[in-house]
Structures are given as C-alpha cells and as structure tokens.
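K.L.:
So the sequences go chain by chain: U and X.
For the first sequence, numbering that gives the first Met the number 0 begins at 0 and goes up steadily by one.
For the second sequence, numbering that gives the first Met the number 0 begins at 0 and goes up steadily by one.
These are computed hints drawn from the structure, not numbers from a lab.
Be a bit skeptical, because a hint or two may be false.
As the list claims (entries may be wrong) - Residues from chain X that face chain U, not an exhaustive set, calculated with beta carbons under 10 Å:
hint : residue
1    : 80
2    : 84
3    : 113
4    : 187
5    : 192
6    : 242
7    : 282
8    : 308
9    : 339
10   : 351
11   : 355
12   : 361
13   : 363
Said to hold, decoys possible - Covered stretches of chain X, going by a simulated chain U footprint (3 or more residues, C-beta under 8 Å):
hint : segment
14   : 43–57
15   : 68–75
16   : 87–100
17   : 255–266
Unchecked claim - Listed next, the in silico DMTMM-like pairs over lysine to aspartate or glutamate satisfying Cα-Cα at most 20 Å (straight line):
hint : chain 1 : residue 1 : chain 2 : residue 2
18   : X       : 257       : X       : 31
19   : X       : 238       : U       : 190
20   : X       : 222       : U       : 179
Heads up, the beta-carbon is just placed ideally off N, CA and C, and yes, glycines get one too.
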Amino acid sequence: MNAAARPLGGGRRLPLSWLGVVPFFIYVGIFLLLPTGIILAGSLVAPDGSISLSNFAGINQPYMFKSFTGSLEISSVSSILGAIFGALLAYAVATGNPKGFLRRSVMSAAGVVAQFGGVTLTFAFVATIGTEGFVYLWLKDRGIEMYPNGVWFFDLPGLTLIYLYFQIPLMVLVFIPALDGIRPQWREATESLGGNAWHYWRYVAGPLLFPSFLGCTLLLFANAFSAYATANALLTQGGVILPLQVQALLTSETGSSSPGLAKALALAMIAVVLIVMSVYALLQRRTSQWLR
Amino acid sequence: MNWHRFHRLVFAAATVIVVAACGSTSTAGATDWSKQTSASGGGGMDALVAAAKAEGKLTVIALPPDWANYGAIISGFKAKYGIDITSLNPNGSSQDEVNAFDGTSRAPDVVDVGQAVALANTAKFAPYQVKEWNDIPGGAKEATGLWYNDYGGYMGIGYDSTKVPAITSVQDLLGSAFKSKVALAGDPTKSNQGLNGVIMASVANGGSLDDVSKGVDFFKQLKQKGNYVPVVGTAATVKSGQTPVLFEWDYLSASHGKDVPTWKIFVPSNAIIGGYYSQAINKQAPHPAAARLWEEYLYSDEGQNLWLKGGARPVRQAVMTAAGTVDATAAAKLPAVPGTPQVPSGDQTSKASQYVVANWSAAVA
C-alpha cells in the first residue's frame with residue numbers, strides 16, 4: 000500500500016499520481032467518515048438538547064445488555080461455526096486439483112453466495128423452512144413437526160442458521176489464500192525428517208494457519224455483528240440484537256424514541272467493530288510474513 | 000442617508016410589520032396559506048381550493064392503501080381536486096413520519112400519527128381548524144388545532160376460524176390449539192398498534208391502563224407455551240397463514256376478510272381498548288394550501304364516510320349519525336362494542352411504552 004502511493008517516476012515536479020485515489024477518499028469521506036461524525040455528534044446531544052454524556056449512561060440498562068449479548072451470541076456462534084465448516088471446505092478445495100471441477104464450482108458458488116443477504120435471503124429461508132415454507136409443510140404432511148417446542152426459526156437460532164448461509168462461503172473465500180500458501184514441500188520435509196501427520200499439523204501447518212484462521216473468524220464476527228437487513232427482515236419483534244435496537248430507538252412511535260441514545264449505541268457498535276478489525280489487521284500482518 | 004429618508008424608511012418598515020401582524024392579505028394579493036389557521040381566514044374554501052390547485056401537489060407519508068381505506072381516500076382526493084399525491088414510505092411508523100420533516104420540498108405536508116408522537120412533536124405542527132372543527136370532541140383535539148383525532152377503533156384479536164377454535168377470552172390463547180399461531184401486528188417496543196395489543200392483554204389479565212406488566216407477563220406465557228410467533232403480522236402474513244391469530248386494530252383486521260373469508264374478530268368485553276390516530280400539518284409544509292385542503296377533505300362528510308367504509312370509526316361519526324349524513328351501510332358493518340371502551344391517555348401510553356421497552360425482549364426473546 001505504501002509503495003503504491005509513492006510516484007514511481009521520481010523525476011516529475013508535480014506528482015499527479017495521487018489524483019487516482021481522490022475518488023476513493025471522497026467516497027470514504029462521504030459514506031464512512033461523515034456518517035461516523037454525525038453519529039458521534041448526535042450521541043452527545045441529550046434528549047433536552049444539551050450537550051452531555053447522558054446517552055452513554057442510558058446504555059447501562061438490562062434490556063440494552065440483552066441486545067448486546069444477543070449480538071455477541073449470534074456473531075460468535077455464526078462466526079465460529081462458519082469458520083470451522085468454511086475452513087474444512089476450503090481445505091478440501093485447496094488440497095484438490097487446482098484446475099479441477101470441485102475448486103472451480105466451489106469458488107464461484109462461494110463468491111455468489113457470500114454476497115447473498117438481506118430480504119431476499121430471509122425470504123428464501125422463510126419460504127423453505129418458515130411455518131408456511133414448503134419443506135416445513137412437506138414434513139408436516141408426513142407427520143414430522145419441525146418446531147415441536149415453538150418456532151425457534153423466528154428467533155436468534157433461526158437467524159444464526161441464515162447467517163451461516165453467507166458466513167461459510169465467506170470463510171472459504173478469505174481462507175483459501177492462506178491454504179494455498181502452504182507448500183506441499185513442507186509436508187515432504189516434515190516426513191523426510193521423520194515426522195508424522197500430527198507433527199506436521201502441530202508444528203508446521205497449524206502455527207502457520209492459526210493466525211489466519213483466527214483473523215478470518217474475526218472478519219466473520221464483524222460481518223455478522225454489523226449485519227442489519229437480514230435480521231430486520233426476520234426478527235420483526237423487539238430489539239433482540241443491537242442493530243435492531245438502534246432501529247427501534249430511532250423509529251419508536253410510542254414515546255420511547257431517543258435518537259441520541261440510538262447514536263450512542265451505534266457508536267458502541269463502531270467501537271466493537273474497530274477493536275475486532277484492528278486485531279484482524281494485526282493477525283493478517285503476521286500471517287502475510289509466511290504466506291506469500 | 001439623510002434624516003428625512005431614514006424616517007420614511009422606518010415608517011415603511013413599521014407599516015409592513017403592522018400589516019403582517021394583522022394578517023391582512025389585501026396588499027400582497029396572494030394569501031400565505033402556511034400562516035392560515037382556517038379556510039375562512041384565508042378567504043374561504045374557494046380560495047383554498049384555487050391555491051391548492053396552483054400548488055398542484057401534496058406529499059403524504061406512511062399511509063398503506065389497505066389501512067383504513069387510505070387507497071380510496073387518496074384517489075378520491077386526486078379525482079376531486081386534480082392534485083397529484085406523492086405517498087412516501089407507506090409502511091413507515093408515526094415516528095418515521097415526523098422524522099421526515101427535513102425542511103426540503105420532499106418533506107411530507109401532512110401526517111397521520113399515534114397519540115404519543117402527536118403530543119411529543121407539537122412544535123413541528125402548524126395549527127389549523129377544519130370547517131367541521133366544532134364537531135370534534137374537546138378531548139380529541141389540541142385547542143388551537145396543532146393536532147386533532149381523525150379515526151380510531153378498538154383492539155381486537157383477529158383469527159382464521161378454520162385454523163383455531165372460536166376465541167371467547169384472551170386466556171384461550173394459552174391453549175394447545177394455538178401453538179405457533181399468535182402474533183402482534185407491530186413490535187410493541189416501537190409500534191403504537193403493537194403496544195396497544197399488549198395493553199389490551201394486560202387489562203384482560205387483571206392489569207390496567209396504568210399497569211401494562213400483566214400484558215408482558217401474558218406474552219411471556221404465550222412464548223413459554225410455544226404459542227407466540229415473533230413475526231409482525233401484516234396482510235401478507237395473514238394471507239399466507241403465518242399469523243392465523245393476530246392482535247390488531249379491529250378496522251385493520253376487518254380488511255383481512257377479503258383474503259381469508261373465514262377471518263373473524265374477537266373484542267374481549269373486559270378489555271376494550273380504544274385508540275385514535277391524529278392529523279397534523281407540517282409547520283414547514285412545502286404545499287401549505289394543499290395540506291390544508293387535504294384536512295378539509297378528510298373531515299368532510301365524504302372523507303369521514305370513506306374511513307368508515309374502511310371499518311375505522313371517524314371522529315365525526317356521532318355528529319354525522321345525528322345529522323343523517325353517515326354512510327349507514329358502512330356503519331352497520333362495524334363490529335358491535337360489547338362494553339365500555341377505555342382509551343389510554345398520552346401519559347399512560349408513554350409510561351406503558353417505557354415499561355415494555357425495558358422488559359419486552361426479556362419476556363419474549
């Protein structure tokens with residue numbers, strides 16, 4: 000990244016190469032920095048219009064913590080399950096024929112499915128295993144009740160299931176480069192030195208892949224933590240997770256609307272994502288020392 | 000500038016101020032409708048119609064076509080005055096409506112909001128009194144005309160009688176025949192309709208308008224029995240069968256009959272919760288005359304009868320019944336009210352809301 004910013008010619012008096020990144024910075028400014036600034040400023044405005052930190056104190060309530068735990072729960076579960084299954088699939092693909100059918104089909108499918116989300120994805124699931132979905136009704140006709148103890152589908156477990164649909168392929172996409180970086184020669188070297196499969200995984204591949212695996216899991220975590228449209232289409236009741244709590248605080252028509260508190264909560268979410276992404280960047284740097 | 004000219008300037012300025020303060024319209028030629036608090040004040044209905052036609056446009060917000068017959072009302076207004084209506088965000092909440100007051104030419108001119116939002120945002124509304132102002136009961140309007148109730152109804156439990164047994168009390172819903180069937184028509188932590196559903200459940204379970212906790216407990220029990228479906232019920236979910244039992248305003252519930260002919264509505268005699276929505280005009284309405292004409296249309300016999308046809312009870316219904324101008328066929332179709340209705344005040348609503356916001360997710364999630 001640093002090298003790209005430096006003009007390569009060197010002889011020119013007016014380096015114009017920075018012009019190329021201007022659209023990018025304008026874009027980032029308008030769609031990332033400006034909204035963050037608005038959220039920061041808005042979170043400092045108390046309901047009576049004065050400037051104070053009272054909104055942050057407002058977060059300190061049991062139902063807020065509940066949506067916090069809800070968000071952490073769904074992000075952790077969906078990112079860990081997504082990372083494990085995604086890594087296994089990625090390993091199967093990476094060790095297979097690099098030009099084979101499996102790799103080509105899995106990679107293109109993952110590329111498409113990882114971007115699938117929002118209302119369309121939720122609708123697909125509702126139409127399949129919702130209480131009027133065709134799989135649900137098909138099973139019911141055969142005497143099998145999918146939800147004997149109440150419908151968990153319209154709750155956090157259902158949302159986790161839907162998130163996995165894009166988490167697993169995303170893991171495949173981001174983890175494959177790391178797996179590709181593992182050279183077969185390293186395995187051969189281990190074996191020629193008398194090591195077995197355990198030694199190879201414990202002392203060679205494991206330590207090399209672990210930072211990348213952890214980093215990718217964090218990326219998945221942030222991906223789930225900040226997802227909104229999918230959850231909004233499925234969970235229409237109560238601020239079960241943070242993005243929905245923010246929405247409820249902004250649109251409440253029963254006198255509980257509190258834009259300042261909503262913005263304080265959004266800022267807390269930004270802080271969480273910032274921490275997660277910093278650790279991710281750190282781990283990526285460590286990974287890239289070995290795998291290139 | 001010499002003293003003489005300065006004198007004249009001051010005099011001229013003072014004249015302008017005095018003229019403006021008197022609200023006189025003779026000098027400017029055109030009336031500034033954004034300042035008018037009644038049609039007669041601005042030169043009468045004909046002048047209002049002419050000014051609104053000159054504006055040619057009206058922006059409304061959060062009016063679903065199947066909600067209280069708004070589809071027909073919007074096309075009726077268009078046909079009568081030839082004014083084009085832009086309908087923003089039909090499924091928005093009352094709060095979304097006032098959030099859209101951004102001072103631009105795209106902002107909504109008029110809103111139809113729940114009581115709590117009306118009370119909280121009076122500073123954003125322009126006072127206006129329709130021709131039939133005196134027909135609106137005193138408790139149903141803000142004295143100067145910042146907001147005024149338009150139509151209302153009672154909380155009911157709509158149900159598909161082919162899928163569940165007939166409902167005779169709210170407690171019936173805890174039975175095993177209602178597994179995965181009971182839903183609310185709004186998220187009670189933010190929707191007026193959803194909140195009133197919980198209030199109704201509370202009153203039916205020994206609570207009161209001041210104590211919504213029994214309602215939250217009731218939904219917690221529903222959830223524990225596996226009867227509660229955490230999906231916001233809409234015309235679509237009723238049609239597909241996802242929400243065969245739905246807490247809803249009776250006038251909205253009545254509209255499901257066209258999709259589900261076996262749809263019935265139960266209003267518990269021990270918990271008749273009434274609720275009215277209110278009209279208000281945006282203080283910075285981009286089309287001030289059209290906004291005022293829209294209100295005149297809504298409160299005219301024609302507008303009120305259109306609401307009635309949608310199953311909602313218009314605020315002038317009693318007066319119109321006495322005068323014989325009410326649409327008798329539509330009135331006869333309204334479900335009978337089996338007792339004395341209770342209407343939560345703005346204060347009670349906001350207290351109930353605070354309790355529900357703090358306790359809802361723990362109860363049903």
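K.L.:
All hints, please: hold or fail.
P.N.:
So, going through the hints one by one against the coordinates:
no.: 1; hint: 80; result: violated (29 Å)
no.: 2; hint: 84; result: violated (22 Å)
no.: 3; hint: 113; result: holds (5 Å)
no.: 4; hint: 187; result: holds (8 Å)
no.: 5; hint: 192; result: holds (9 Å)
no.: 6; hint: 242; result: holds (9 Å)
no.: 7; hint: 282; result: violated (18 Å)
no.: 8; hint: 308; result: violated (25 Å)
no.: 9; hint: 339; result: violated (24 Å)
no.: 10; hint: 351; result: holds (8 Å)
no.: 11; hint: 355; result: holds (8 Å)
no.: 12; hint: 361; result: holds (6 Å)
no.: 13; hint: 363; result: holds (6 Å)
no.: 14; hint: 43–57; result: violated (count 0)
no.: 15; hint: 68–75; result: violated (count 0)
no.: 16; hint: 87–100; result: holds (count 6)
no.: 17; hint: 255–266; result: violated (count 0)
no.: 18; hint: 257(X) / 31(X); result: violated (45 Å)
no.: 19; hint: 238(X) / 190(U); result: violated (65 Å)
no.: 20; hint: 222(X) / 179(U); result: violated (49 Å)
The structure fails hints 1, 2, 7, 8, 9, 14, 15, 17, 18, 19, 20 (numbered hints given earlier, in ascending order).
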